[in-house]
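Guided by the hints, dock chain Y with the ligand onto chain U, whose structure is given.
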Amino acid sequence: MTTDSGTEFADTPDFRKKIRAWLEENCPEDMRDGAGGEGEICWGGRNWTFASEGQKLWLERCAAVGLTVPTWPKAYGGAGLSREQDKILKEEMTKLGARSPLDSFGIWMLGPALLKFGTEEQKQHFLPPIARGEIRWCQGYSEPGAGSDLAGVQSKADDKGDHWLVNGQKIWTSYADKADWIFALLRTDRDAPKHKGISFILMDMRSKGVTTRPIRLISGASPFCETFFDDVKVPKEQVVGEVNRGWDVAKYLLTHEREMISAGGQTMGAGRPLGAVLADSETGASDPVLRADAMRTEIDALAMELTLERYKDQAEGGQGVGDASAMLKYAGTELNKRRLELVMAAGGSDTLAWEDGRAPSWLRTKANSIEGGTSEVMLSIISRRILGLGA
Amino acid sequence: MAKLIQTEEENMLQDAARALLERSAPVSRLRELRDQGQTRDDALWQEMVAAGWAGILVPEAAGGVDMGHAAAHVLAREMGRTLTVSPFLSTAIIAATVLRRCGDARSQAALSDIASGSRTYALALDESAKFNPEHIALKAEKRGNGYVLNGEKQFVVDGSNATHVMVLAQGEDGLCLFDLSADRAGLTRTSTEMIDSRDAAQLVFENVEVSGDELLVADGGGADLLRFGLEAGQAALAAETGGLAQAAFEMTTGYLKERKQFGVPIASFQALQHRAAHLWCEIELTTSAILHAGRILDSDPQNATLAVSLAKARATDTAQLAVREGVQMHGGIGMTDAYDMGFYMKRARVAAEWLGDYGYHAAQVARLRGF
Ligand SMILES: Cc1cc2nc3c(=O)[nH]c(=O)nc-3n(C[C@H](O)[C@H](O)[C@H](O)COP(=O)(O)OP(=O)(O)OC[C@H]3O[C@@H](n4cnc5c(N)ncnc54)[C@H](O)[C@@H]3O)c2cc1C
Chain U
1 MTTDSGTEFA
11 DTPDFRKKIR
21 AWLEENCPED
31 MRDGAGGEGE
41 ICWGGRNWTF
51 ASEGQKLWLE
61 RCAAVGLTVP
71 TWPKAYGGAG
81 LSREQDKILK
91 EEMTKLGARS
101 PLDSFGIWML
111 GPALLKFGTE
121 EQKQHFLPPI
131 ARGEIRWCQG
141 YSEPGAGSDL
151 AGVQSKADDK
161 GDHWLVNGQK
171 IWTSYADKAD
181 WIFALLRTDR
191 DAPKHKGISF
201 ILMDMRSKGV
211 TTRPIRLISG
221 ASPFCETFFD
231 DVKVPKEQVV
241 GEVNRGWDVA
251 KYLLTHEREM
261 ISAGGQTMGA
271 GRPLGAVLAD
281 SETGASDPVL
291 RADAMRTEID
301 ALAMELTLER
311 YKDQAEGGQG
321 VGDASAMLKY
331 AGTELNKRRL
341 ELVMAAGGSD
351 TLAWEDGRAP
361 SWLRTKANSI
371 EGGTSEVMLS
381 IISRRILGLG
391 A
Chain Y
1 MAKLIQTEEE
11 NMLQDAARAL
21 LERSAPVSRL
31 RELRDQGQTR
41 DDALWQEMVA
51 AGWAGILVPE
61 AAGGVDMGHA
71 AAHVLAREMG
81 RTLTVSPFLS
91 TAIIAATVLR
101 RCGDARSQAA
111 LSDIASGSRT
121 YALALDESAK
131 FNPEHIALKA
141 EKRGNGYVLN
151 GEKQFVVDGS
161 NATHVMVLAQ
171 GEDGLCLFDL
181 SADRAGLTRT
191 STEMIDSRDA
201 AQLVFENVEV
211 SGDELLVADG
221 GGADLLRFGL
231 EAGQAALAAE
241 TGGLAQAAFE
251 MTTGYLKERK
261 QFGVPIASFQ
271 ALQHRAAHLW
281 CEIELTTSAI
291 LHAGRILDSD
301 PQNATLAVSL
311 AKARATDTAQ
321 LAVREGVQMH
331 GGIGMTDAYD
341 MGFYMKRARV
351 AAEWLGDYGY
361 HAAQVARLRG
371 F
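Protein chains in written order, with my numbering: chain U, 1 to 391; chain Y, 1 to 371.
Careful: at least some of the hints might be erroneous.
[To be verified] DSS-like mimics (lysine-lysine), calculated; alpha carbons at most 25 Å apart, straight line: (1) 116/U - 18/U; (2) 257/Y - 312/U; (3) 18/U - 3/Y; (4) 257/Y - 95/U; (5) 3/Y - 90/U.
[Said to hold, decoys possible] Looking from chain Y toward chain U, a few residues come up when the C-beta cut is under 8 Å (computed): (6) 4; (7) 8; (8) 40; (9) 184; (10) 253; (11) 268; (12) 274; (13) 276; (14) 288; (15) 289; (16) 310; (17) 360; (18) 362; (19) 371.
Read the hints as simulated data drawn from the structure, not as lab findings.
Don't be surprised by glycine CBs; every beta carbon is placed ideally from N, CA and C.
Same shape as in the complex, but just chain U:
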């Protein structure tokens, strides 16, 4: 293994062979079970306790060669892979049943935003710890009064000369109680039109004045919180992009979040093919309504998979798919809800006991079409920005 991250892989002609050999040699046995449910994710961070020695080794080995963030530049902890190579990597990982070594809001959301809007110093400072799984981030966008109307955020950062003074409240902050840092949308100009007075600010959750309070979900889990800022002092250089232009950063980040949710939606909580779900069901072969629903869902899911593929083929150089992410998010999450409805119907009363585990997944999917922008908001984005329908 080399210390200069990723040098082994990028630019090799026999990439598939190389990567397969590396995976076979380095992926610990217990990380080869193909699991990817919410309970099996390795989130990393200061407070992280590894579920097993294997999980720890797998993260360390991948991080050492840039494979926790394969497409990021090597300089920031990635492996500098092309999209084509990344696809091959994912295929080889799937073949081996390899788990994802690390998932986080830093990888999915903040990273892409920093790569586009961050200063060189910010990239150097914040990206490598994300890649190594040392710092875990949470997203401070929503507020009690600003959900779909996100640009209505009222939590504020006042310019105190040598620092920002932050006050206000966020809500639905996923994993705020576990995260090390937060990226937040804060109002920095109260007189400007609402989209023009917001800044994108990074804060250490250990700062004095930050508190969190968990909220329990219908699935029984409690992965999100209310987050309070009470005279929190934040260094001036922790603004990403220009002051008062945070909305641009926020929107760009959201397109990545939406792609992530739509892709994750394909398998989340229901990694098993619908054919197998039906086969296991007592009425899977005899109930014509269940079968018809499953067939329709399968057809739409295959078309969705191909569309993800096509959009990625369309997007050049890792630029993301832009507004069309609204389509992926809408279609992917609505589909995932249908899939889990089927899982429940196929499983019958067996699914109704908490310990069975299917009900929490089913309930969790209901959030897919709310988090990251609701389905209705996605349809509005499509009709306004893509179709040009409007007042």
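Just chain Y with the ligand now, kept in the frame of chain U:
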């Protein structure tokens, strides 16, 4: 696999096709033909032949341009946009695909005739109201070196105009496929007045004598022969239907922007915006399935069934939604014969049934996905 985006070559083909069709085959041309009681446009077909479209799947040695299925889908989609009346699908896609699989000199000659525009085909398959290629009653009995055909076919698309018919028949050892010239003793063709104003016919075979030479045989055995033709046809029909859906959608959003009620464009009503956006999403998903089917047919035709059925099922469903929403969002004008949306609705209905409906293809997908 090749990327799921159109190549530069395909983009150029699309531009050329759109220009030709907008000039020579706009929807108003279909209306004209309908009003004249016509189901053929020979001048248009000759124009397509000259542009190389008839030979899109014909090898260069036989005078074709041999551009492959994905390219053929580009043409089919454009024809779907303007509801073009032509024997393209039956002839240049289905018949050409079947004939290509038979390596013999006779089939080569037939392919040349397709590319040069001197022959057109219809596929005589259905015998009942639903597509069911495994249950064929039309009988082919051996007599001497040839066969005698007896039975009936219905919903034979392009059946009254075609110079040739491919007939699926039940032989003594199973299904067989014949390639016949349509003008012959014992074969009666009665055209049906179809809702889409296109050609379809009922064919009655009464002791039709055919030579052994007219039985098609594939290089690798006859069983696959029709399947390749059908899958090529189903995918191209999906592409045509996809184009139809796209055009109906564009007509609808155009109208939403233009029509005013309550003093504002109706496009400003969120109830309509969201329905239009939903329809657009459905079209996007279907577009991916169609592109994928073209790529698979070109790269791995032995294993294209899943991709093709996925495309046909999705396209069928999406087009139906597009025309239903199309009529509804136009209000009263959408119901008038003078407005084009009705033509789209009627063609979508016919395309839904031809070569297997949603249920047929959904069952194929389910089977191949382990249901
Ligand atoms: C599990 C989960 C995790 C989350 N994690 C985070 C996180 O980590 N960080 C974070 O910042 N936020 C997070 N969120 C919050 C999420 O982004 C918001 O819930 C979402 O944006 C919707 O806002 P809201 O809840 O205020 O609903 P509202 O905006 O009040 O919406 C209520 C209903 O009204 C509809 N509606 C609203 N406006 C319109 C309109 N203009 N046209 C038509 N319909 C409309 C909505 O679609 C919805 O159906 C999370 C949410 C969930 C459920």
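- Hint by hint, which ones does the structure fall short of? Structure breaks hints 1, 2, 4, 7, 8, 9, 17.
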